[in-house]
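Going line by line, the protein sequences match chains W and S. Be aware that the first sequence starts at -15, since it is given in the working numbering, and climbs by one per residue. Be aware that the second sequence starts at -14, since it is given in the working numbering, and climbs by one per residue.
Hints are computed from structural coordinates only; laboratory data are not their basis. Mixed in with the good hints, there may be bad ones.
Selected chain W positions facing chain S (in silico; Cβ < 8 Å) [as the list claims (entries may be wrong)]:
id : residue
1  : Thr196
2  : Pro290
3  : Ala339
Taking lysine to aspartate or glutamate and the EDC-like style, the derived pairs with C-alpha atoms no more than 20 Å apart in a straight line are [to be verified]:
id : chain 1 : residue 1 : chain 2 : residue 2
4  : W       : Lys(-6)   : W       : Asp367
5  : W       : Lys291    : W       : Glu328
6  : W       : Lys407    : W       : Glu110
7  : W       : Lys407    : W       : Glu127
8  : W       : Lys92     : W       : Glu55
9  : W       : Lys92     : W       : Glu59
10 : S       : Lys9      : W       : Asp171
11 : W       : Lys92     : W       : Glu115
12 : W       : Lys291    : S       : Asp(-11)
13 : W       : Lys434    : W       : Asp371
14 : S       : Lys12     : W       : Asp171
15 : S       : Lys29     : W       : Asp171
Predicted, not measured: the structure shown is a model, and the values here were computed from it. Cβ atoms here follow ideal geometry from the backbone N, Cα and C, with glycine treated the same way.
Chain by chain, the residues run as shown.
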Amino acid sequence: MIKLSTKQTKRLVSIHGWSGVFLGLLLYVVLLTGTLAVFASDIGTWSAGGMKSHEPLRQPLDHTIRALAHEMPQEYLEEITVFYNSAGHIVVFFHTHAVNPEGTFDEKGVLTELHPESHRPIAQREGFGTELFGADPAGALDEFLVELHVNLHLPDPWGLYATGLLGFLMLVSAISGILIHRHLIADLFVAPRPWNRLLHARDRHNLAGTWTLPFAILLAFTGAFLSFALSLGFPLLSQIAFSGDQFAMMEALVGTGYEENAQPAELANLDLMLSLSAQHAGSPPESFVISNYGRADTQVIVFHPPKDGAMVGAQNTFDGISGSYLGLKPGIGTQPSLGNWVFELILPLHFGTFAGLLSQLVWFALGLAACYVTLSGQQLWLDRRLDDANWCVLRRLVQIVGYGLPLAILGSTYGFFLSLPAKQTLLWTPLGFCLLGLASIGLGVLIREKELASKAFHVAMTVLLVLLPMARIAAGGPNWIWALSSNNVSIVLFDTILILIGLCFFFTISRIKPFVLLEKQTLEPKAGHEQ
Amino acid sequence: MSNDLATVIAIALSLIALGYLSAKDPKRRRVYRRLPVPDQTVVKLAWIVVLLPGVLLLSFGQTAPFVIWFGGTSFLGCVMSYRRPDQNDWVWRLARKTRSVGRRSLTCPRK
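The shape of chain W in the complex, shown without the other chains:
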């Protein structure tokens, strides 16, 4: 128990409450989209119609990369990035580094998408990295959700400032929550008491908040760090230490680890390097980068996901000419350091993708719990002011945003699938979100009675969730027989989960009713029930 004076407690309660009231709904948007973003890659695969090939970078690529490099302008051979997208297509990005029209440090080059088995080019685009990576119609849905989480679709850098501030707000709420909750440990097992509306609201907020507190702090801190590092940290660092030279800053941060040598030279066998790297890392390659292709100082860095039981993946470095293994490359700098260790740990701890499905499920559950804490906190604030008409608007708003956001996300998914055959997903995904968002606002405004509005939202959720797998198949997506036979079990799993969640919403409709007080006596022990 932390002892505070009454005045201090009152002040902290005000900070905790008012910060939640002002920015709680925005925080809920970031939290819910972040919770879904844990499955961003799987959502991408599901929406793109499954992976055409598993572990695409395991296949021989040496010949294909050489043939493509032969056709590229010399300047784009400075760096070649190879990875695979949500559909399992191999993406090869030949590029150099330049400042884009917005004045920020960017990559500029040619992006080629290849079939994972035949290596036949599917699409080719030229431009700046920021334009090229958001222009894939098949990846529009997961891209939209991730962008909503990362910057709320606000222009750079304001979106990152906003999400960074929301991360700090969550941190402030968590810490002030610890300080004002006097019986944090003693109340750890106290189920919400149903004989008083306020007590019930407070108990459920405290219970969820206490159990998930370490993760709330962890996610808030890592989220705020990532937002501010990109929007504020790097630009400030480049101004202070590198006189505004962003190229020099990136070179110093990432570290080249080789001496310049522009003499022409032939790349060693790429497939052998990839196979050797997989042996060292204990996991298949996820992506790789070839620096200075065709020169004597060519270097190849291969990126791997974490091996079984580890938190952080590996970056193996090879001499591109001799093909010899040079060792592990830290994410920051060329030598292992404490800063690099912390930085490399922040990413998996925030994303929750370090151990496959199990870690994703846990992060998803904790994300939902954080959403629940945010909404239940606002509900508690409003329940305490039930007789005050001034809070009526916020009461309606909490309900509209609480239900409206998942509905709008479903709208973006429908928008994506319905426009997929015409390849208009980049337009219709955000438009679907806006349309269903507006419909939710309309529903919340038109139906004034809270319980009735909740029932209407539940019906809408049920219908949209249950029909979504059918919309996916109708839009040309793979059916369950193809998915199962081509080892794309995740598609069937996703469809099933959506239908089940939809049915859950349906079965909870009847349970929506005004708060019913349970008498203490009804919960008293009966003979034979006492342990």
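Given chain W's structure and the hints, the job is docking chain S onto it.
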């Protein structure tokens, strides 16, 4: 044993111990007007059982399973505590029933 299976077992072990702690928790019992448990010595042991899987995972260098265990136990512990004692009575009835069936099957029939 795969890491995923080890993590799931670790979470299950901690949850069983948390279930016991939840049932014997003095404040929860007082709030829901249940008789207090006089002997609290097993409670300390139960807390050790809750934390033991995490310590074991860390000592074997399994950092990712440890983090998942911590998160999973926190979330499921919250879900478990959310239920009122009267909603959990079926667990105790089932436990009593299993115990009595077990006793009956182990007792030699009288001739």
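Identify every previously stated hint that the structure contradicts and give their numbers, smallest first.
none
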